[in-house]
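Given the coordinates of chain A, work out where chain B should sit on it, guided by the hints.
Chain order of the listed sequences is A and B. Be aware that the first sequence starts at 1, since it is given in the numbering used here, and climbs by one per residue. Be aware that the second sequence starts at 409, since it is given in the numbering used here, and climbs by one per residue.
These aren't lab readings, by the way, just hints derived from the structure by calculation. Glycine included, every Cβ here is placed at the ideal spot set by N, Cα and C. Treat each hint with caution, since some may be false.
Stated by the list, open to error - DEER-style ranges, computed between Cβ atoms:
no., chain 1, residue 1, chain 2, residue 2, range
1, A, Thr228, B, Ala453, 41 to 47 Å
2, A, Arg12, B, Asp414, 40 to 46 Å
3, A, Pro172, B, Ala453, 46 to 52 Å
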Amino acid sequence: MVYDDGVGTTARCPAHVPAEVVRDFDYHSDPRFLADPLAGFDAARGTRAFWTNSHGGYWVLTGADDIREAFRQPEYFSSETQAKAQDISPSRTVGGARRLIPTGIDPPEHSQYRRLLTTPFSPNSVAAMKQRITEVCEGLVDGIAGKGRCDFLNDFARPYPAILFSEILGIPAERFEEFFGWEDDMLHGSPEQVASGTRSVMAYLDELVDERTARPREDLVSFLVGGTVSDRPTTRDEVLDTCMLLFLAGLDTVSSALMFMFKHLAEHPDDRRTLARDPASIPAAVEELLRVSAFVNPSRTVARDTEFAGVTMKRGDGVLLSTALASRDPDAVPDPTVARLDRRVNVHMAFGAGPHRCLGSHLARAELATALSTWLARIPDFRIDGGAPVTFHGGGVMAPDRLDLVWA
Amino acid sequence: MNVSVDATTCAGHGRCYTLAPDVFGMDDEGRGVADHVPVPPGQEARAEEAILNCPERAVIRNG
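Bound conformation, chain A alone (with noise of 0.2 Å):
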């Protein structure tokens, strides 16, 4: 069978792709789910499981249950096959033909890996660092404040997390400003600015990692390189490929939390006003808002035949693990489109699940709430300026694409 796949060219359904569960979805581009991608994903309910022939063609999860079982299950499905993986994520070639470590790597190896960079993003090593989270979010909102708006994107959504993960991965701050162009046409530029900024961040990693083994310091990259992996010190390549991996997964991630939290508080005075007098409130509502706009679309790579969520996958196939099809589930959250920030059972997979949970959920989570915290101190009041809607980008990492605030 053959099927318009909606931009324009057609595209041929696998012989074990029934053409009932066949269904015309297109998380990428399509400017109907682009117009207000959670309520994309919500409309793409009604069957356990679909296929869409859009980026290749891949198999669509639904349901919270069937979501969460697929990424506790890499032995059926692989993080393994980024090629299959691409393909869903077409934007998402940086890195060039780096593995990622240690997303890209499926257990028992995934282990080694992970354990490697347990220590640093624990709990514990986030309550170290909550001081200096607090003193850059404070820096950042005061030097806006005065101003009565911003460009919340670029002066405080981007800045944020950019600073503290350069000051964790070791870059000197006389760096920084270099740096943050190279990351931003490696996460934000043209197909050509993707691979010139992945070079220049690849090629100063290269000089830091010398630096850092000829004298180690108290940062992450000296740790790597002093680190080991099933019991042999890490090589240079694998020290590379995880600080590439933390660049993809805790850069852009933060950035679109905060831009969807903030959407929402703009919008919401009586949410915004309970959290200022109640500062407690806070990381319930970071969960609630987490869950209600998880933003995250990991995929998997079908590793065995099987039969699951009622559809015959074949080895090869990707398949979407969507969070916020994960997050919103209507059969696992009452109301689940609405963020109740006081919500005491909140089961969300803002940060997936299984043995590839979100490693920088609890570093992510302290920023997130000292972000609000902060901002409710010091800028109470905020709403999104000018009449125009607020737009959006979808595939993996989705996000509002910017988000000007005002305030007396």
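Only chain B this time, still in chain A's reference frame:
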């Protein structure tokens, strides 16, 4: 009330020891551990919340 954390399914989300710090602790890798069992008096509601909020359903009530 008795609770435990299934070490094979726990993925270290950290919800249990955040919601019920007087019941659960963490191991070196950030996985939840039921440190205080039976659940101390007055902590039952929090322990229940930890069970209900675990994304992996790894926090289990044993009686």
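Quiz prompt | Violated hints - listed by number, lowest first | solution = When the structure is compared with the hints, none of them turns out to be violated.
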